[in-house]
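Chemist: Spelled out, the chains give:
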Amino acid sequence: MHAITTTGLTKHYGPIRALDALDITVREGEIFGFLGPNGAGKSTTIRLLLGFLRPTSGEGRVLGLDSVRDSVAIRARIGYLPGGVALYDSLTGEEILDYLGELSGRPPVRRKELCDRLELLPQTLRRLVRDYSRGMRQKIGIVQALQHEPELAILDEPSEGLDPLMQRAFYDILDVLKNEGRTIFFSSHVLSEVERVCDRVAIVRRGRLVAVEEIAALLARRMRKVDMRLAGTPPRLEDVPGVLNIMIADGRLTCQVEGDIRPFLAAIVDAPIVDLTIEPAHLEDAFLELYKEAGR
Amino acid sequence: MNGPLFRHSVRMQRVKLIVVSTALAIWGFLLPVIYAKFGSQVRAVFDTGLFPAEFAEFGGGDLFSLAGSVAFGLIHPIAIILTSVFSVGYAASAVAGERQRGTLEVALSRPVSRRVFYLTLLVANFCFVAINVGSLLAGSVAGSAFAGVIDQLQLRNVPLLWLNAILLFGSFAAVGLAASVSFDRLPPALGVTLGYVVLMYFLDVLGSLWPDARFLQPYSLFHYLQAKSVLTGTFAAFDAAILTGVIAAAMGWALYVFPRRDLGAPG
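Chains as they are written, first to last, in my numbering: chain V, 1 to 296; chain W, 1 to 267.
Honestly, the hints are just simulated from the structure, not real lab data.
Glycine included, each C-beta is placed from N, C-alpha and C at the ideal position.
Worth double-checking, as some hints may not be accurate.
As the list claims (entries may be wrong) - Derived CB-CB ranges, DEER-like:
id: 1; chain 1: V; residue 1: E149; chain 2: W; residue 2: G245; range: 44 to 50 angstroms
id: 2; chain 1: W; residue 1: M1; chain 2: V; residue 2: I16; range: 34 to 40 angstroms
id: 3; chain 1: W; residue 1: R260; chain 2: V; residue 2: G64; range: 23 to 29 angstroms
id: 4; chain 1: W; residue 1: G245; chain 2: V; residue 2: D163; range: 53 to 59 angstroms
id: 5; chain 1: W; residue 1: Y256; chain 2: V; residue 2: E149; range: 32 to 38 angstroms
id: 6; chain 1: W; residue 1: L206; chain 2: V; residue 2: E59; range: 50 to 56 angstroms
id: 7; chain 1: V; residue 1: I16; chain 2: W; residue 2: P211; range: 54 to 60 angstroms
id: 8; chain 1: W; residue 1: K16; chain 2: V; residue 2: I16; range: 35 to 41 angstroms
id: 9; chain 1: V; residue 1: L128; chain 2: W; residue 2: F38; range: 33 to 39 angstroms
id: 10; chain 1: W; residue 1: Y256; chain 2: V; residue 2: G64; range: 25 to 31 angstroms
id: 11; chain 1: W; residue 1: G245; chain 2: V; residue 2: E180; range: 50 to 56 angstroms
id: 12; chain 1: W; residue 1: G3; chain 2: V; residue 2: H12; range: 51 to 57 angstroms
id: 13; chain 1: W; residue 1: F38; chain 2: V; residue 2: R134; range: 55 to 61 angstroms
id: 14; chain 1: W; residue 1: F235; chain 2: V; residue 2: G64; range: 54 to 60 angstroms
Okay, chain W solo, but in the shape it has when bound:
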């Protein structure tokens, strides 16, 4: 871990971090309010049988329970896109982007090993992801209080959900950073990371909406964030272990590849 590099990373991302975290907090705030206002109507619509039952539990979330609405907020495309600013965008550009711009070689001409360089960026990325997810959940708690339904939320489970969500989005960040140290230019690193996250999301959503495709869900990392279950008191250690394993594999790849690869002159 390198202090100056960490501080530099935070300084370069601080405005983006504030904007994205604020947007996530607002989004997190809205879901409990929507649940409190319209939860019973949404339930009534689904009870009519107008929509398939699977649609009522999109990605493991719903809008007719508080835990379900918080879970819905976490896996909704809006939240995915916002968290992807750091778990995909920052991760993919952290090394490949600097390499493409030519600033990497100025930094690496200092006495910083590539392993330390990578690990510092990984820690910074996890901090950004933790702040993003924390903002969303803080917004949800505030929204629950504002809507007068806070008593339905088991607050002691919120930190567990925070950790589980950090592991999920952190695993995307770890994959993104592993791609970033493997390429000399940003587009392939970004493409690989974005493609990976979109594929994961597609598998999970497809499995949740189409019973015949349910077998695909365990192949998606989103499957290992069962937010509603965690909030209601069922934290699956296996899910955390899977996500941790993906992070460890991505780290292993990056720590092996980055110190060994040639860094030619920027194109």
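Only chain V is shown next, with the shape it has when bound in the complex:
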């Protein structure tokens, strides 16, 4: 069974197409990144899956249940962190976690572990939320979404407002959940974070799906930039598979390498190289390229 399946999921607000015929499948036990800039349709998708919005057409299924008819049953099995989470300012962090835990109807078995990892001390939890910084609110948001051990966590921009140390702590939490076989649907526009934590990624643009790829496969297809300084005759790279845009000038060779890098390495093994730089492929480049392609 898939954790999430959408089939032609569409949401229009009058003439505005917030989401257009989205088809994605999230497998059980994976961390699935949902990537796109603001306004691409990420939050609309999540709200459709949670039953906050009714689809114009198509359907969404979460844990095998229909997102419209079985919305309450779905929400009994998931944890949700909204983007820019809002909390009750007049309550303490502890009171909010207690209240939302009670509403979930499941014991908050994971709360202590999560609070420890995110450095939410008991005295901090006893303070009113109105005195919290943005990062502390986000931590409470993460704890409320995961404290009851949901089968599926839907997290909308989860690391927003967290400092780098806490981001790392949060990624560690995701690693633990993944090792336990839990599914995480992760919306973000931070490419480095998606690259760091996700198994697969769907990229959306203006409400339409641009691509769904394994992160590793996406990176493997990306261009690496190569810059080498030479002390003699440059190697012949014209016929090497995957090598493009070769430029030689003043004892310096630059090119781009796409896909498998081994043929390139074999071709330069006897070259008189003084210095060599190979820039790693980043998801950002892949993302921008896919976006350019989709925009054409």
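Given chain V's structure and the hints, the job is docking chain W onto it.
Modeler: What follows is chain W alone, placed relative to chain V:
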């Protein structure tokens, strides 16, 4: 009905509830005392014909009988404003306010259906209204005892007046909550509810002060709380039925609209 949501609603409103109920109890206490002290003088002033006779029975209440003074206390602007803290303010903000702040989606991401969410808030709102009205009437009973006129009050009719008043202010709460589930932001929900209550009040007061406008009174819900009559032993089932009908209509609207409407991202 959802227990955690109900307890949360009470916890969030408890301070306001105590303050408003105390103020209403004090207000309710004052009216019988004023009647006992100054009732005969007020009667004498009106007997001179200085003021039109209609002014003597403002909104169905007066200050020269105990039942009339308790009724006067219930429909006086001070009581209306105080009870409106919950029957208008809380009702209008219960959903639209949470929606505007963004806290609604955190709560609704739990396994609580929108119908249960709405019904729980409605029950909580009726409890707040019942406590408010109960405080006012308890204050009036205490004031009557303090002023030594308790023997003029038919105590067995006080619970009926309490129920009738709950239905009146509860109908405003039901309308407010129906407006609250219909809007994404607080100002329109509050505006609709407040405008509705002010219009109702205006129609009733205008009809009670101006004989030519008396025909307007049946269009006001305040007309269906005849507190003085109820206290003197005439409880009109028709009045209760009208108020119940308004509550049922508002509930029907909310139960139809709220589960079906889109809840987009908070602005």
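Chemist: Now tell me, hint by hint, if it's right for this structure.
Modeler: Hints, one by one, checked against the model:
Our hint of 44 to 50 angstroms for E149 (chain V) and G245 (chain W) holds, since their Cβ atoms are close to 47 angstroms apart. Checked against the given bound of 34 to 40 angstroms, the beta carbons of M1 (chain W) and I16 (chain V), roughly 38 angstroms apart, stay inside it. At about 24 angstroms, the CB distance of R260 (chain W) to G64 (chain V) agrees with the hint of 23 to 29 angstroms. The hint said 53 to 59 angstroms for the Cβ distance between G245 (chain W) and D163 (chain V), and at roughly 58 angstroms that hint holds.
Here the CB-CB span from Y256 (chain W) to E149 (chain V) is close to 36 angstroms, well matched to the stated 32 to 38 angstroms. For L206 (chain W) paired with E59 (chain V), a C-beta distance near 55 angstroms keeps the hint of 50 to 56 angstroms intact. Between I16 (chain V) and P211 (chain W) the beta carbon distance is about 56 angstroms. The supplied range of 54 to 60 angstroms therefore holds. Between K16 (chain W) and I16 (chain V) the CB atoms are about 40 angstroms apart, so this pair conforms to the stated range of 35 to 41 angstroms.
At about 47 angstroms, the beta-carbon gap between L128 (chain V) and F38 (chain W) misses the expected band of 33 to 39 angstroms. The hint said 25 to 31 angstroms for the Cβ distance between Y256 (chain W) and G64 (chain V), and at roughly 29 angstroms that hint holds. For G245 (chain W) and E180 (chain V), the Cβ-Cβ distance of about 55 angstroms falls inside the hinted range of 50 to 56 angstroms, so the restraint holds. The hinted window of 51 to 57 angstroms between G3 (chain W) and H12 (chain V) is violated, with their beta carbons roughly 38 angstroms apart.
Checking the proposed 55 to 61 angstroms range against F38 (chain W) and R134 (chain V) shows it holds: the Cβ atoms sit about 59 angstroms from each other. Range check, F235 (chain W) to G64 (chain V): about 55 angstroms between beta-carbon atoms, so the 54 to 60 angstroms window is met.
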